[in-house]
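Colleague: For reference, the chains in residue letters:
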Amino acid sequence: MIEVNGLVKRIGDKTILRGIQLKINKGETVGILGSNGAGKSTLLKVLAMIMKPTFGTVTIAGQDIRKNATALKQMVGFLPHASMVYDHFSPYENLKFFGSIYHIPDLELRVSELIDQVGLKLFTHEPVRSFSRGMMQRIAIARAMIHRPQLLLLDEPHTGLDQSAVEILNQVIEEMKKDQATILMVTHDFMQAAKICDRFIIIKGGRVADDFSVAEGDAAILYERYKQVVEGGKAGC
Amino acid sequence: MLIKDALKIAKKDLYTEWKTKATIGAMLIFSMLVVLVFSFAFDPMRANVQALIPGLIWVLVVFGGMLGLNRAFVAESKNDTIFALNIAPIDASSVYLGKCLANFILLLIVELIAIPFLFLLFDYKFDLSYLGHFILVLLIGTFGFISAGTLLAALSAQTKSAEMILPLLLFPIVSPLLIGVTQATKVFLNSPENLSSAISWIQLVGAYDVIIFAAGFLLYEYIQEV
Ligand SMILES: Nc1ncnc2c1ncn2[C@@H]1O[C@H](COP(=O)(O)OP(=O)(O)OP(=O)(O)O)[C@@H](O)[C@H]1O
Ligand SMILES: [Mg+2]
Chain A
222 MIEVNGLVKR
232 IGDKTILRGI
242 QLKINKGETV
252 GILGSNGAGK
262 STLLKVLAMI
272 MKPTFGTVTI
282 AGQDIRKNAT
292 ALKQMVGFLP
302 HASMVYDHFS
312 PYENLKFFGS
322 IYHIPDLELR
332 VSELIDQVGL
342 KLFTHEPVRS
352 FSRGMMQRIA
362 IARAMIHRPQ
372 LLLLDEPHTG
382 LDQSAVEILN
392 QVIEEMKKDQ
402 ATILMVTHDF
412 MQAAKICDRF
422 IIIKGGRVAD
432 DFSVAEGDAA
442 ILYERYKQVV
452 EGGKAGC
Chain B
4 MLIKDALKIA
14 KKDLYTEWKT
24 KATIGAMLIF
34 SMLVVLVFSF
44 AFDPMRANVQ
54 ALIPGLIWVL
64 VVFGGMLGLN
74 RAFVAESKND
84 TIFALNIAPI
94 DASSVYLGKC
104 LANFILLLIV
114 ELIAIPFLFL
124 LFDYKFDLSY
134 LGHFILVLLI
144 GTFGFISAGT
154 LLAALSAQTK
164 SAEMILPLLL
174 FPIVSPLLIG
184 VTQATKVFLN
194 SPENLSSAIS
204 WIQLVGAYDV
214 IIFAAGFLLY
224 EYIQEV
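First to last, the protein sequences are chains A and B.
Add 221 to a position in the first sequence, counting from 1, and you land on the number used in my numbering.
Add 3 to a position in the second sequence, counting from 1, and you land on the number used in my numbering.
It is worth saying that the hints were derived from the structure and are not from the lab.
Each statement offered as a hint is correct.
Quick look at which bits of chain B chain A covers, simulated, 3 or more residues with Cβ under 8 Å: (1) 80–86; (2) 89–99.
In silico contact screen, one side only, chain A against chain B (beta carbon under 10 Å); selected entries: (3) ALA269; (4) LEU293; (5) PHE318; (6) MET357.
Cβ coordinates follow ideal geometry from the N, Cα and C atoms, glycine included.
Could you put together the complete structure from these sequences and hints?
Modeller: Shown next, in the form of structure tokens:
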């Protein structure tokens with residue numbers, strides 16, 4: 222699904238990604254771990270086609286992101302740190318607009334289904350300006366999923382969510398896994414990561430420092446390995 | 004497809020305005036204030052003041068328009084919604100086109116209110132048979148100003164002091180346009196006998212419009228690139 226070859230990203234004179242090498246198969250759910258400032262969000266931004274690679278190639282579904290960006294964007298859903306929704310619009314208005322630029326058929330239906338799914342039904346017509354952080358994250362999740370992406374990029378999706386919202390999100394991810402969607406999730410939440418992901422990548426200093434799997438739900442082993450790689454001085458390969 | 008997507012963006016922006024009235028309110032108040040201040044500064048009854056009117060029209064268009072242009076992209080940096088547009092499967096040019104359209108309509112609304120207000124305050128009368136010509140100049144002048152302004156607003160919105168950068172970039176680029184439209188407006192309003200000189204000014208402005216719009220349409224994509 223994704224092939225990243227020698228990806229370097231430089232902003233100004235700062236080199237953020239220093240040669241990422243990565244291959245992710247269709248249907249995999251990959252957790253991306255790493256300390257603050259390691260370059261995880263930057264990697265997702267390149268994959269989401271917000272940022273262009275400085276060097277290296279990235280292909281998604283066999284197509285180069287430099288050449289087929291517009292078509293590929295239809296396949297990719299991105300949930301970044303920021304909510305990417307309009308403050309003065311209600312969830313309904315936001316999803317209607319974003320659905321229309323993703324050319325969704327039967328939009329009305331899809332919007333009400335999504336609002337239901339993220340549990341914002343009571344707030345369908347409230348402007349999101351007044352929303353709490355968790356509610357904002359819920360509408361942001363709905364926005365990222367509106368076109369049923371085959372590749373979903375999640376940047377710390379669990380932050381700010383309450384217990385029921387975490388369950389909603391995990392359920393959504395579970396359903397997408399069943400649909401053979403590929404999911405990349407940046408997270409600092411080892412419990413959730415161990416529960417959801419079947420493969421882990423640790424980014425350190427702009428490189429892939431480790432790539433492994435652990436038995437499902439085994440957060441302790443995951444944390445051990447993370448600590449060993451990030452703090453134990455096992456420098457990026 | 005491109006046009007359809009552009010219309011969706013424009014509709015979204017205009018709907019935002021309809022709900023919040025933030026930008027158009029500021030544009031209108033500012034333009035009206037400009038008119039008012041001028042009416043204090045120059046005694047509207049004196050004959051030679053009439054000669055200033057074409058210039059005043061473009062002063063209020065430029066200043067009112069600048070406010071709108073600034074808002075168009077700065078508003079999209081709140082919650083990073085500009086990235087939501089960038090990751091959507093639409094042509095980058097359709098975002099430019101949609102933003103241009105929305106800005107153009109907003110500025111026309113402001114002109115529609117502020118210019119009659121100016122005429123009223125200055126008790127200004129001109130040969131109504133040239134009204135069509137005047138409106139044409141207004142349209143192509145506004146279009147050129149917005150085309151250049153939308154592109155530069157997209158650029159300046161990425162800097163920390165967008166409000167300051169935009170005028171600095173925009174004024175040198177639109178000055179040929181402004182010279183052309185003020186000259187043409189002057190002819191149509193005050194001295195219609197020089198029609199041929201106005202025509203050549205309009206041709207210049209028309210060429211400017213085409214070039215600057217094409218530039219915006221093609222370059223917008225590269226401005227969004229990080
Ligand atoms: N637009 C930018 N301009 C300059 N430097 C940037 C930019 N974006 C990110 N950086 C730098 O790149 C590095 C990696 O940032 P990134 O956001 O990818 O980290 P991260 O791994 O997501 O961290 P976190 O866990 O805190 O979210 C940081 O040192 C940051 O300062
Ligand atoms: Mg991050």
